[in-house]
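In the order they appear, the protein sequences are chains A and B.
Taken in order, the first sequence gives residues 1147 to 1874; the numbers are from my numbering.
Taken in order, the second sequence gives residues 1163 to 1587; the numbers are from my numbering.
Treat the hints as calculated values from the structure; they're not laboratory data.
Don't be surprised by glycine CBs; every beta carbon is placed ideally from N, CA and C.
Worth double-checking, as some hints may not be accurate.
Examples of chain A residues toward chain B, derived with CB under 7 Å [to be verified]:
#, residue
1, D1154
2, L1224
3, L1239
4, P1438
Pairs of lysine-lysine, DSSO-like flavour, derived with a Cα cap of 30 Å [stated by the list, open to error]:
#, chain 1, residue 1, chain 2, residue 2
5, A, K1582, A, K1469
6, B, K1187, A, K1156
7, A, K1478, B, K1330
8, A, K1179, B, K1495
9, B, K1291, A, K1548
10, A, K1179, A, K1156
11, A, K1156, B, K1256
12, B, K1291, B, K1374
13, A, K1312, A, K1350
14, B, K1462, B, K1497
15, A, K1182, B, K1291
16, B, K1291, A, K1188
17, A, K1548, A, K1609
18, B, K1256, A, K1182
19, A, K1162, B, K1187
20, A, K1184, B, K1256
21, B, K1328, B, K1349
22, A, K1188, B, K1328
23, A, K1698, A, K1582
24, A, K1308, B, K1497
25, B, K1291, A, K1184
26, A, K1653, A, K1609
27, B, K1490, B, K1462
28, A, K1184, B, K1311
29, B, K1497, A, K1478
30, B, K1374, B, K1251
31, B, K1560, A, K1478
32, B, K1328, B, K1374
33, B, K1497, B, K1328
34, B, K1173, B, K1187
35, B, K1374, A, K1358
36, B, K1490, A, K1469
37, A, K1358, B, K1173
38, B, K1462, B, K1438
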Amino acid sequence: MSTQQGQDAKFFQRGKIEEFRAELQAAEAKDKKFQKRKTVLKKIVANITMGNDMSPLFHDVIQCIGTPLLEIKKMVYLFLVSYGRSKPDQIHLVIPSFLQDCNDRNPLIRALAIRTMSYIPIPVVTEALTDQLRHCLKDRDPYVRKTAAICVAKVYTADPRKAERKGFVELLRDMLIDENATVVSNAVAALSEIGDRQDGVIFKLNLTIANKLLSALGESSEWGQIYILDSLLRYVPEQHADAEMMAERVIVQLQHANSAVVLTTIKVLLYLMNYMGDRRLIDYICRKMGPPLVTLLSSGPEVQYVALRNILLIIQRRPTVLKNDVKAFFCKYNDPIYVKLAKLEIMYRLAREENAREVLAELEEYASEVDVDFVRKAVRSIGRLAIKVEPAADKCIESLLKLIETKVTYVVQEAVIVTKDIFRRYPGKYEGIIPKICENLDALDEPEAKAAMVWILGQFADKIDNVEELLDDLVYSFLDEPAEVQLAHLTAVVKLFIYKSQSEVTKALVHKVLKWATEDIDNPDLRDRGFMYWRMLAMNPAVAAEIVLAEKPAITTDSDRMDRGALDQLLLHTGTLGSIYHKNPETFIRNAAGRALIDSPALNANSRAVLVSLARPQLPPIAISVSGPGPVEPTRPPQPSEAANNVPLPTIMESSRSDERDLLDVEGDDGAGGDSGEGYLEGDDDGPVTKAADPYASLGGAFGGYVTDVPQPVAGGSRGGDLDDLLL
Amino acid sequence: MISAFFIFNQKGEVLISRLYRTDFKRSIADVFRIQVVSNSDVRSPIITLGSTSFFHVRVNNLYVVCVTKTNANAALVFEFCYRFISIAKSYFGKVDEESVKNNFVLIYELIDEISDYGYPQNSEIDTLKSYITTESVISSAIAAEESSKITTQATGATSWRRGDVKYKKNEAFVDVVETVNLSMSAKGTVLRADVDGHIQMRAYLSGTPECKFGLNDKLVIDKNSQGGASDAVELDDCHFHQCVRLNEFDSTRTISFVPPDGEFELMRYRSTSNVKLPLRVIPTVNEIGTTQVSYNISVKASFGNKLSATNVVLRIPTPLNTTGVDCKVANGKAKYVPAENVVVWKIPRIQGGQECTFNATAGLTSTTTRQVWARPPIDVDFEVLMLTASGLIVRFLKVFEKSNYHSIKWVRYLTKASGSYQIRF
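This is chain B alone, in the form it adopts within the complex:
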């Protein structure tokens, strides 16, 4: 299991150092600094030297590092790092050098609580916040009874929820967020298109509410087993927050759960069939001799005209020896960014059905070693509200609680792409 936990800044200075076991001294941190932080070409998140393995996850300008001398469960170690990061985000708002330094004592408390002897323990944010706080607590003043409540929750079957939650107004917000991944070949054929979906929920519900959640009627999960109609929404796979009763889902396909208080990810799913691509990008890029490259790119919003794509950003690669780019656009703004060898074309809004075009010529310097231009793909980021690329829809969310209160539910949909909607040319 995990023997040591560190946080390093970009310079390799130790911001947090917690040795859970005696098989390392603090000097092990120096090894990581030499092997990873000061190494410009790190090609793995895991480095094993002798019997010692270093796992690291980078976040902003920090390295979150776990060290072990055992055949540790690598997935568990990385999940633990991710979890630490999300807890820190929830506590401090952001995770960077400043926030870690500003809260280092609290971080020590947290990492002692969420890992004992290197074995990850209860790490539910809601529960942690009930007894690990920045407020000064007089130890004798914690009523033993209050603590018993906390410990029962921290070890209980619904460790993610306190029993005494009360709201004046009972509300639940459901956000269906889909990230579209696209890889399109230069010939315009779709190499792969899939959707990573997340159902994010913010539950502000009193007591211990029992929720039932329903998706499309024609939902096909585990599509291998049945044929599936062509218009049905097919999910290749779905994963649930630990509050969802997996056995019940397995037998009756109902998603039922007692939600944590506040925000959490209820469900994650993946779909590869019938993915509707919100934006069609058609690039024509020609290298004219060795001195020029001409671009003609059109983007078309292929959804209904009541919706619109916002924050559309196209990153259009240019050759390394580009001297300047002359761009003409009717919508948005285009700007050549020499440091990244791209033209960034930003369009604040594209209405459904609308088409935008981009024309440009890049001038090139003559180089002695004429290397072939690798032509990285065009990358498109965007957001479309109230659309799901998979077609998934929330049919109902029912809340049952013994006091039988009335609750208000809100559902929002968002389809977006960031960094993985790629068109080759």
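Bound conformation, chain A alone:
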């Protein structure tokens, strides 16, 4: 069939209610082939789209419902879906027409009628729908049945208890063994939605039903396959063999063209592997997962992004996957920035001795690109590569020194920050480069970089000739510095004093800083530390030296990895939003269902040892509100108008406030893990969840401190900074 060109753009004009009403009335008299009515209705639909309230035309529009033109019927239905809810007193006028359609001989019409009715969740309509829906669930036409299955989910949302009373859930369960795969998959989708509700019935699968669903898999549409695959996580294998058999049946889906099918298949496989005993099979599955994951990088950039964020999780839990594929993650110059940033993290994680040279060469290339965030992250990755892969350290340092010579301020600052960690990782090895770094003192204007520099000066005060002069210069702005830098200064001058207690300059310097810290500063941490140092130095400088210059714990990259229990849980959300943000959904989406591995005789002992169990939240006794961040805290307060726009549906907020507290009650003992200051911004009212409920809140370190290295949000409400917080 050739392409069809419409000519409807002319209807995209704001119109007046009165005009439309008059036109509709005029059309009643004489309307050849219903053209006039069609035209007016198109104008009305265009106006609905543009956001004009067309509801006053309710009475006029429903007059057209009897028109025997399908296109007109669909437009009237669209109108009803848009405004039906706001006209509970008039909606009864269209019920007879709906009922007639529900019993039409044409299955498409029957399905259209119940689909439309179920979109209007007010009692009059739902009441009328109930009987029809029961028939339609058993309609002889599969198209009607598959539509009816979704209708049950809608009816359930409107009134869960009533839907249960009317027996719809059981009818839906019966559909799991329907002969038609599309019907089965929609029934699965509807049951899953109901099962994910906190007040919904529990939806679990036993082996028999799981096998039935698997046999429907091959005949389902691609979307249906996703619903079915997703539901397999509701089946808990009791024996290794069950998990292994099931994995073998779904693994062919990795070859599917739809990326969502592929990712959902991977989710199922990752889940099932927790219940397997056969090491060889697990290895085989891991090997099989790699290539399809890389292939996802040939999809559109949006899907690439989803894939990359998931890969980052998968390779932490299953390091053999993709271990030889680092090249696939090299950035293309024209990749969108979000793809580049996500690739960079994976490159770092896949780096090891064998590929370190190639990775470093790439990182050097990126360090000369344009995007500031990307460049900074590339520079930081070079430093982290030095820390992670010892044999590559020399080359990395060389490269960092070259970058410092560029004098580009943000490059220099990043380099200084990582250099500090390199010094700690390899004590006594690279201190020779300190003079080079000291040349760039003036370039530093960010707290983290300054603090790192000050730390270096203090730590190696005995090896830097003009250290007193340098520190004295830096200390000049002490009172205006952020606490991070002030603390670094305080410790640095104390170290200096321990090295050079004879020098008068040093004495004056340390005295000055201690006095500031204890007298002019309000920050209690700083003051306390000031007093502590002062007393230590006064009472016993030798002991002070021991304490201040004590051997520091070695820096390793072990802490990079998320712990296994957390990963096991997070991977149950592979492909979803939670996997993008690396957060369990219940921690940032109100009313989202959490998932956890369920214990069974087949569960791998190691998985069991780190099992994070999930209690089903109970209905709360009272409502309390907890302010806190979601994935993004759109740093309010911006302009008032924007603030108003950003708070959707206050009514829903009211009702769900209470649930937040649930999360707190259930999981609060996991401890608050504020990873950085960002968590404590005054979130907008929509901020659903509390940090305390997030057992992984302290995973900032898992990404090499990247989470904290984004620019601070600019006052005035630009949200760039915080958005990145999450996405990195």
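Chain A is already provided as a structure; the job is to place chain B on it using the hints.
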């Protein structure tokens, strides 16, 4: 699942707005406009504010947007957006503001059909076209029987094909299209070279034909498991249209299927071994002092002289402070495009084995802040007919149908690069 679907134009005006669920009001569109459309620095295709997440895909001057309040399957949401775009393309020829506005009523019909309550439903173009049309349909006139056929197809095991297809002449066209991605370092070493292959098929076959498809004899798929000979064509991975029986492929390596009617993508594959690079580019770029950059670039076609590369376009970056470029080329035309800081060198045709050269000098203004030039890579676009960079070849395509008709099959090969054949210098 998806709660709302929108299409915005570049100004942030709503062209399509469909709320599948009652958890949002239409005003949610304003939030997207503020957060994304009017934001000059959008750094993610997903924005989450509170419990609300916005997914967007840009196409031409439009934003296709899905909104959800659940922990939605992000891959599914984006695939749904892509699918909508390809359906719209198939229906209207192109997807832009004009075509969306011209067909908005039809779009409402479509998005109501391909998604129910935010759950994507059957979205096979062929099937959709059989009952969602621009022609006026009298509702009572649709024979219930005809509709039953449609519904059976829309929910059936071969939802992608109608049963009653008839052609006078039975033909099938197979297009093997390979996109070569190359990243070459300044030293001339290949950092990565891989091929994204698509096998596009246009099937004009009557009845319910059973097709079998064969590739190179020495094809190695899943190369990890075997060693693989060096001259074999190795595919790292392959993906199939949903008509292909995956179980059969898994056990016997045969690609067998009942094709949809008309055009579809049968197979997608990826290869990283033995990739033959059709064009060799050797750049020599020198910065002479702070006022000049000299270029000497040669391009050589490294395939047989019976074939030729066409539509070759090299985009050669110049420093930001370039005032003008003096180019000398023996083949094609070269032109400095100041707005993009590149010299575009277009060569209509390069015969296999032929070499073309480019010599130029760029003049620079003196700048006060002397920033280092980032030297973005040279990007090369081209097309070579009847060549596959991976070496993949279609050995046979067999069609079995119960009426046993004769069918004609055509195979074409195309290797191309667009936007990802990059040479650093």
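Going down the list of hints, with the structure as the test:
Of the supplied interface hints, the one on D1154(A) holds, with its beta-carbon coming within about 5 Å of a beta-carbon of chain B, less than 7 Å. Because the smallest distance between the Cβ of L1224(A) and any Cβ of chain B comes to about 6 Å, under 7 Å, the interface hint for this residue holds. Hint status for L1239(A) relative to chain B: violated, with the closest Cβ pair at about 20 Å, above 7 Å. Evaluation of the P1438(A) hint against chain B yields a held restraint, the C-beta minimum of about 6 Å falling below 7 Å.
With a CA separation close to 36 Å, the supplied pair K1582(A) and K1469(A) exceeds the 30 Å bound. Note on K1187(B) and K1156(A): the hinted pairing holds, with a Cα-Cα distance of about 26 Å set against a maximum of 30 Å. Of the supplied pair hints, the one linking K1478(A) and K1330(B) is violated, its CA atoms being roughly 48 Å apart against a limit of 30 Å. Of the pairs offered as hints, the one joining K1179(A) and K1495(B) is violated, with about 58 Å between alpha carbons and a cut-off of 30 Å exceeded.
Distance restraint check for K1291(B) and K1548(A): the Cα-Cα separation of roughly 61 Å exceeds the 30 Å cut-off, and the hinted pair is therefore not satisfied. For a cut-off of 30 Å, the pair hint linking K1179(A) to K1156(A) stands: about 20 Å separates their Cα positions. Restraint check for K1156(A) and K1256(B): the C-alpha separation of about 18 Å stays at or below 30 Å, so the hint holds. Taking the CA atoms of K1291(B) and K1374(B), the gap is about 27 Å. The hint holds against a cut of 30 Å.
Of the supplied pair hints, the one linking K1312(A) and K1350(A) holds, its CA atoms being roughly 21 Å apart against a limit of 30 Å. With a C-alpha separation of about 20 Å, the suggested pairing of K1462(B) with K1497(B) holds against the 30 Å cut-off. Between K1182(A) and K1291(B) the CA atoms are separated by roughly 26 Å; this keeps the pair inside 30 Å, and the hint holds. Distance restraint check for K1291(B) and K1188(A): the Cα-Cα separation of roughly 21 Å lies within the 30 Å cut-off, and the hinted pair is therefore satisfied.
Restraint check for K1548(A) and K1609(A): satisfied, since their Cα atoms lie roughly 22 Å apart, inside the 30 Å limit. A distance of roughly 28 Å separates the Cα atoms of K1256(B) and K1182(A); the hinted pair therefore holds under the 30 Å criterion. Proposed proximity of K1162(A) and K1187(B) is supported: the alpha carbons are some 22 Å apart, at most 30 Å. Between K1184(A) and K1256(B), the direct Cα distance comes to roughly 25 Å. Compliance with the 30 Å bound is thereby established for this hinted pair.
Taken as a hint, the K1328(B) and K1349(B) pair is broken in the structure, with Cα atoms around 58 Å apart against an allowance of 30 Å. Our distance criterion of 30 Å between C-alpha atoms is broken by K1188(A) and K1328(B), whose separation comes to about 36 Å. Straight-line distance between C-alpha atoms of K1698(A) and K1582(A) comes to about 24 Å, which keeps the hinted pair within the 30 Å bound. Our distance criterion of 30 Å between C-alpha atoms is broken by K1308(A) and K1497(B), whose separation comes to about 72 Å.
A C-alpha spacing of about 21 Å is found between K1291(B) and K1184(A), which places the hinted pair at or below 30 Å, so the restraint holds. Taken as a hint, the K1653(A) and K1609(A) pair is honoured in the structure, with Cα atoms around 18 Å apart against an allowance of 30 Å. The straight-line distance between the Cα atoms of K1490(B) and K1462(B) is roughly 17 Å, inside the 30 Å bound, and the hint therefore holds. The suggested pairing of K1184(A) with K1311(B) holds, with an alpha-carbon distance near 28 Å, which does not exceed 30 Å.
Restraint check: the Cα-Cα separation between K1497(B) and K1478(A) comes to about 25 Å, which is no more than 30 Å; the hinted pair holds. Distance restraint check for K1374(B) and K1251(B): the Cα-Cα separation of roughly 29 Å lies within the 30 Å cut-off, and the hinted pair is therefore satisfied. Proximity of K1560(B) to K1478(A) is assessed by CA-CA distance (about 39 Å); at most 30 Å being required, the pair is judged violated. As the CA atoms of K1328(B) and K1374(B) are separated by approximately 20 Å, the hinted pair is consistent with the 30 Å bound.
Restraint check for K1497(B) and K1328(B): the C-alpha separation of about 52 Å exceeds 30 Å, so the hint is violated. Straight-line distance between C-alpha atoms of K1173(B) and K1187(B) comes to about 21 Å, which keeps the hinted pair within the 30 Å bound. Using a Cα cut-off of 30 Å, the hinted pair K1374(B) and K1358(A) holds, with the two alpha carbons roughly 29 Å apart. Taken as a hint, the K1490(B) and K1469(A) pair is broken in the structure, with Cα atoms around 46 Å apart against an allowance of 30 Å.
Of the pairs offered as hints, the one joining K1358(A) and K1173(B) is violated, with about 49 Å between alpha carbons and a cut-off of 30 Å exceeded. For the hint pairing K1462(B) with K1438(B), the CA-to-CA distance comes to about 13 Å; that is within 30 Å, so the pair holds.
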